[in-house]
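**Q** What follows is each chain in one-letter form.
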Amino acid sequence: MFKGKIDIEAVLMALSEQLDAERAGRIEMVVCGGAALNIIGYVQRTTKDVDVVAFVERNRDGTAFLAKESPLNPAIMAAAKRVQRDFNLPENWLNTGPASVLDFGLPEGLMKRVETRTYGRSLIIHFLSRYDQIHFKLFAAVDRGRPDVHFDDLMILRPTAQETEDAARWTITQDPSDTYKKVLKDFLEKIGYKNVAERI
Amino acid sequence: MSQKEFKHFFLENILNFLWRQWSSLGVAGGARSEDEWVIDPEALLLFSIEMSRYEPRLFDEVLDWMVVNGKWIDIQRLRGIVKSKNEKTRHLMSAVAHFLSHEAKSYRRKWQALARSKSSDLRVKEEMLFNTREGEPFPKPGEISEPFREYGFLRGSFSLRKMSRPVSVAARSNMRFSLRALFGIGSRSECILYLLTHEAGHPSEVADAIGISLRAVQDALIELAESGLVLTRIKGKRKIEYWLSQKRWGEFLLGANLDDQKLPVWLDWISLFSALNNVWDVLNEVEQVISDYLRSSKLREAMETISLEFSKSGLDLPAVPGKKISPDKYEEEFQNFITRLLRTEREE
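Residue numbers (the numbering used here), protein chains in the order written: chain B, 1 to 200; chain E, 201 to 548.
Read the hints as simulated data drawn from the structure, not as lab findings.
There could be a bad hint or two in this list.
Stated by the list, open to error - Listed below are several chain B residues computed to face chain E (Cβ distance under 8 angstroms; list not exhaustive):
hint, residue
1, A14
2, E17
3, A21
4, R82
5, R85
6, D86
7, F87
8, N88
To be verified - Footprint (simulated), chain B over chain E, 3 or more residues, beta carbon under 8 angstroms:
hint, segment
9, 495-501
10, 523-530
Since the structure is predicted, the reported quantities are computational estimates derived from the model, not experimental observations.
For every residue, glycine included, the Cβ atom is placed at its ideal position computed from N, Cα and C.
Next comes chain B alone, as it looks inside the complex:
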């Protein structure tokens, strides 16, 4: 369990050192969730894991693209396992749980808005911006259907009506079912975004 920003950054630095020792090369990841919110400074709360949305890979010509899994997965996993043992972390402390959103597309222009930090020689992390976190948090909060940490995070981010609408429209691309749309509208009404609910 990470108590806050200092803990998370110590662990990411350790991961970089382990990757370096494994000679895994430079790893780039896009990270969302509580770890990202803590590091960017929107929240100060405990979190149990680091959620990876995607790995940044590069073509031969240097063009970046996002991938659900890295070809360097074994090296990353070995390094993460050592860090898990050293810091007594839960087994899944570094996970690609949110990576399924890649199947239906990320919010437009996400990579232009990320906040990038470099840890040691081997790790670059792109943390989702506030705008994109609103998208992910809304989707997670609606999915849960009850107040929880995602709901709390969403409220802390204080999204505007326009941001909420953008986020809501994006979540529908992730789950286009009528059932989901109904649940989403109910949720938006409950949290005070009735106008947004009517527009989508």
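Given chain B's structure and the hints, the job is docking chain E onto it.
**A** Leaving out everything else, chain E in the frame of chain B:
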């Protein structure tokens, strides 16, 4: 304690301990003391030739002792233990065996069995046999010892002092030797020693502890039981275990009332020395690591194996540093654990 200071502290303690062990076996030059435990000459020999590369005087005294007392060494058992060692240690053992096959002419064939492939067959890179305490190789000598060079180890030519005494089989810690004198070298004497120092033993437990094949142990125990002095009993579901009357056997072997004198304590020296060797290896490995975190990570990783080996040894262990210890505290806790362990070894 800095990493460098701790490494030095560990090496000094190990070398002092080895001097004490060999002195109680009859090596000249060290302080004699009698310990509670039974000495294991095969495990001790292997660990000593590795560690005394930092103490040439001890290395040569061990060779000297082997020339006088080599008849007590169980080559089959030694070969079994050597198998689990790394290539360098196997070569070093071969070099020592090769040297002894020349020096101890009466046991030439015995040692030749261990002196196998030479460096010319193995294409090993030559290296200095001895290192300073700081880990620097000794300067290349003018006249080189041929038996060692043949296995890739360079050292100056030398003559043994011939000061070692025959091992005193009467000492409690040398009970293994008196049993070998009685029952011959091999599985029988090892099985009796195990049963003397344990309440009972299933063949697989005995084989695992003494470092001899299960088949040989099983055969030896069946034959020993035919004497009526080694007994059997059923434990659990059809599991036969062997035992003996420690009082009768102890009084016979020690020639004294067991109320006045205790039987020596069994320690699994194969596991214990292997653990200490792993400690030494990881201390050498982390010496080159600048990052505090990576150093602690490597120590923690090594501790996973080391603590298992220590726990097998039968030593009364201090608490192993737990998983809740943060990386910034781990190196210190690792050092504390090893320090307490070395103290336990002195107090046993």
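**Q** Now look at each hint and say whether the structure bears it out.
**A** Hint check:
1. A14: holds, 5 angstroms
2. E17: For E17 (chain B), the interface hint holds, since the closest Cβ of chain E sits about 5 angstroms away, which is under 8 angstroms.
3. A21: OK, holds: A21 (chain B) within 8 angstroms of chain E, min 6 angstroms.
4. R82: Since chain E brings a Cβ to about 6 angstroms from R82 (chain B), closer than 8 angstroms, the hint holds.
5. R85: OK, holds: R85 (chain B) within 8 angstroms of chain E, min 7 angstroms.
6. D86: Check passed: Cβ of D86 (chain B) comes within 5 angstroms of chain E, closer than 8 angstroms.
7. F87: holds, 7 angstroms
8. N88: holds, 5 angstroms
9. 495-501: With 4 residues in contact (Cβ-Cβ under 8 angstroms with chain B), the coverage given for the segment 495-501 of chain E holds.
10. 523-530: It holds, with 5 qualifying residues against the three required.
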